[in-house]
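Trainee: Each chain is listed here by its residues.
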Amino acid sequence: MGLAQTLLRSRALEALTSPHGVDRYLEIANPMWAAREVRARVVDVRREVDVPGHPPVATITLQPTSTWRGHRAGQHVQLGVEVAGARRTTRVFSISSPDSRAGDRFTVTMRANPDAPRDRQSVSRYLVERAPVGTVVHLSQAQGEFVLPNRVPDHVVLISGGSGITPVMSMLRSLQRRTHRGRVTFLHYAQSPDHQIFAAELDEVRRSGWGIDVHLLHPELGDPALSPAYLERLVPGYRDVPTWACGPAPLMSAVHAAYDGSEALHVEYFKLGTARPDGGAAGEPADGTVSFARSGVDVGNDGGTLLEQAEAAGLAPESGCRMGICLTCTTRKTEGTVRNVLTGETSSQPDEDIRICVSVPCTSTALDL
Amino acid sequence: MSTSTFDHLTPEQIEEFGEEMDALRQRLVADLGEADAAYIRTVVKRQRQLEIAGRALFYLPPAWPAAVAALSLSKIFDNMEIGHNVMHGQYDWMGDPGLNSRMYEWDTVCPSEQWKYSHNYIHHTFTNILGKDRDIGYGILRMDEDQQWRPYYLGNPVYAFLLMVFFEWGVLLHDLEVERIAAGEKTWAETKHLHRGMLRKVRNQTLKDYLLFPAVTGPFFVPTLIGNATANLVRNVWAFNIIFCGHFPSGVATFSREETEDETRGQWYLRQLLGSANITGSRLFHVMTGNLSHQIEHHLFPDLPARRYPEIAPEVREICERYGLAYNTGPLRKQLGSVARKILRLALPTRTPSYDGPEVVGEPAAA
Chain A
1 MGLAQTLLRS RALEALTSPH GVDRYLEIAN PMWAAREVRA RVVDVRREVD VPGHPPVATI
61 TLQPTSTWRG HRAGQHVQLG VEVAGARRTT RVFSISSPDS RAGDRFTVTM RANPDAPRDR
121 QSVSRYLVER APVGTVVHLS QAQGEFVLPN RVPDHVVLIS GGSGITPVMS MLRSLQRRTH
181 RGRVTFLHYA QSPDHQIFAA ELDEVRRSGW GIDVHLLHPE LGDPALSPAY LERLVPGYRD
241 VPTWACGPAP LMSAVHAAYD GSEALHVEYF KLGTARPDGG AAGEPADGTV SFARSGVDVG
301 NDGGTLLEQA EAAGLAPESG CRMGICLTCT TRKTEGTVRN VLTGETSSQP DEDIRICVSV
361 PCTSTALDL
Chain B
1 MSTSTFDHLT PEQIEEFGEE MDALRQRLVA DLGEADAAYI RTVVKRQRQL EIAGRALFYL
61 PPAWPAAVAA LSLSKIFDNM EIGHNVMHGQ YDWMGDPGLN SRMYEWDTVC PSEQWKYSHN
121 YIHHTFTNIL GKDRDIGYGI LRMDEDQQWR PYYLGNPVYA FLLMVFFEWG VLLHDLEVER
181 IAAGEKTWAE TKHLHRGMLR KVRNQTLKDY LLFPAVTGPF FVPTLIGNAT ANLVRNVWAF
241 NIIFCGHFPS GVATFSREET EDETRGQWYL RQLLGSANIT GSRLFHVMTG NLSHQIEHHL
301 FPDLPARRYP EIAPEVREIC ERYGLAYNTG PLRKQLGSVA RKILRLALPT RTPSYDGPEV
361 VGEPAAA
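First to last, the sequence lines map onto chains A and B.
Numbering-wise (my numbering), the first sequence opens with residue 1 and increments by one.
Numbering-wise (my numbering), the second sequence opens with residue 1 and increments by one.
By construction, these hints were calculated from the structure, which means they are not laboratory data.
Any given hint could be a false lead.
[Stated by the list, open to error] Per label pair, the in silico range of CB-to-CB distance:
#	chain 1	residue 1	chain 2	residue 2	range
1	B	Q49	A	G134	22 to 28 Å
2	B	P97	A	R105	21 to 27 Å
3	B	K45	A	P149	45 to 51 Å
4	B	S282	A	A316	27 to 33 Å
5	A	Q78	B	Y117	45 to 51 Å
6	B	I181	A	T343	54 to 60 Å
7	B	L212	A	Q5	55 to 61 Å
8	B	Q49	A	G296	46 to 52 Å
9	A	Q63	B	W188	31 to 37 Å
10	A	G21	B	H195	22 to 28 Å
[What the hints assert, rightly or not] Selected chain B positions facing chain A (in silico; Cβ < 10 Å):
#	residue
11	G89
12	D92
13	T125
14	Q205
15	R265
[What the hints assert, rightly or not] From chain B, some residues computed to sit far from chain A (all C-beta separations above 12 Å):
#	residue
16	A30
17	I40
18	W64
19	S112
20	L225
21	F301
22	P302
Beta carbons are placed, not taken as given, at the ideal position from N, Cα and C, and that holds for glycine.
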């Protein structure tokens with residue numbers, strides 16, 4: 001493999017396959033052959049939680065191409081699949097398996113997103129509910145700074161909520177594998193025991209007595225919510241204990257308040273779209289704000305095209321035809337619902353390239369401009 | 001000024017015409033999906049297979065003609081049905097980086113970035129507006145009566161022939177606007193931002209076709225080199241001929257800056273229709289042209305997958321008939337003949353509209 005990879009990444013082969021690159025030829029022979037790109041085959045889909053009336057959670061095991069460089073516990077990966085109508089959609093998922101080396105199998109664990117717009121299939125729903133074993137998905141390399149240091153401190157606090165457990169679980173599993181001899185305090189918040197992801201494994205961890213205190217909390221059933229007093233009781237002087245926390249926004253604000261700016265706290269946010277799946281019909285009054293993230297400018301949405309609004313805000317984005325044909329003004333929209341004035345089509349996907357000369361915002365919208 | 005007329009249409013009718021086009025467009029957009037994705041992926045796969053076959057067959061000297069044929073076809077598919085169309089953003093909705101207008105690079109010496117500017121923006125926005133659309137004669141040829149005649153244009157057929165043979169190089173140099181530099185309207189320094197991209201792409205393309213692939217065939221270095229050059233030539237000749245049939249056959253209208261100021265959407269559609277011409281032919285022929293044989297539909301809907309153009313052509317034509325608008329189409333030999341006659345005719349000064357009187361020579365150009 002080493003020799004093949006060296007050859008595939010050689011400058012000679014790159015020159016011979018110019019301008020398309022080696023991967024554009026390899027993928028035709030076998031999608032699992034790659035010189036630079038990362039793809040993976042789904043080798044297993046296992047339901048973790050399946051409560052009737054609630055979106056299911058599943059762990060997907062992926063066999064990546066040899067180009068996968070491995071990951072550190074806590075990192076995430078961008079995962080793209082072709083869902084309805086041959087449209088590739090990419091979303092970010094945390095890796096739930098312990099540290100992996102180059103080319104190693106790993107798992108992602110996700111809840112099928114119940115809020116996905118009706119007209120577009122969501123990546124998580126597709127993977128959890130329908131993806132057959134053998135499906136090939138597109139990956140980035142592992143990303144993110146939410147990782148344990150190489151020298152793990154003696155005492156570690158892990159806090160997670162809902163499906164925010166995935167990166168924390170990866171850390172916990174890595175700590176066990178690395179035979180960490182210190183103490184780990186793990187707090188996890190879930191709706192109910194039925195909603196608990198990795199319940200059996202956590203139960204085993206709790207009973208094994210390897211210095212890992214597991215606290216599974218269900219505030220809706222009367223368990224204490226996260227508060228400084230509660231944390232202080234579990235971990236005296238918790239503000240100075242290295243802590244990693246991941247979960248939905250309300251939990252994260254409670255964590256931030258409790259740690260009060262302590263440098264011992266490391267957090268990971270879920271990226272939640274502010275999109276309104278039903279919003280933005282033509283003729284609706286304009287509302288919200290338009291944020292031009294790179295310029296640091298926010299303006300009130302006046303209902304004009306994003307190009308006009310950017311220009312009115314004093315920006316000078318590149319543009320050409322101003323009628324949606326030349327693509328010069330294509331810009332990454334990071335959040336919000338926009339309507340294409342030519343087709344009337346609305347779109348709420350985060351991280352989508354749009355032609356700003358023919359797009360009007362229907363909700364608060366953020367652009368990489 | 002137009003040679004086709006739409007004077008019989010009221011402004012309201014022109015807007016109605018535009019609305020019908022918009023409706024057609026929306027219907028197509030709503031229908032995009034698996035079939036379009038499967039189609040373009042099949043074309044890409046065939047192109048890559050042809051390319052690999054062509055490169056490999058140079059190891060078998062008796063198969064030289066087959067190698068050249070496969071490589072020529074590969075370059076034609078790459079440039080036309082794949083490159084041109086992908087770079088129009090026709091498949092951007094798929095979200096596949098390999099088929100994305102911002103990332104695709106084609107197998108020809110012109111960098112995609114520069115071509116997209118002059119083609120997608122300048123040519124497709126200002127189609128056939130004299131003084132704005134540099135694709136009218138590409139700054140080299142006289143392709144319209146309203147381009148003022150100069151003695152330089154006596155060479156029109158020679159320039160056209162040279163442009164055909166060296167077409168990919170012509171496309172490369174297009175953005176430099178050498179004719180404007182020569183006329184003193186622009187300085188060489190103003191083209192500086194283009195040079196690096198051009199040189200890099202030229203280096204990659206020539207290295208591959210004229211050094212590396214010949215070298216890897218070892219003893220067959222020279223036949224491979226000649227084969228690669230021939231494939232590039234075949235692609236040049238084919239692309240030139242198809243493209244020249246898109247806007248230059250007789251009956252295609254050109255427009256002045258004045259009459260296209262403050263244009264409405266309906267008028268824009270009208271200009272795209274009247275400024276373009278189609279070529280009739282078989283299914284394979286249409287694919288070989290990248291469906292640019294449906295230049296009219298392409299100019300109406302430049303960012304919709306080209307495989308849809310033949311499908312909607314009857315409907316576009318029917319709409320045109322209802323509005324009494326010309327729909328310029330014909331077989332390749334007819335359209336090519338018409339273009340060739342225009343190239344020859346415009347080498348000479350324009351005669352006043354013909355009546356059976358004596359020939360009147362147009363004013364000599366004020367140099």
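Trainee: Mind listing which of the numbered hints don't hold for this structure, in increasing order?
Mentor: 4, 5, 6, 7, 9, 16, 17, 19, 21 and 22
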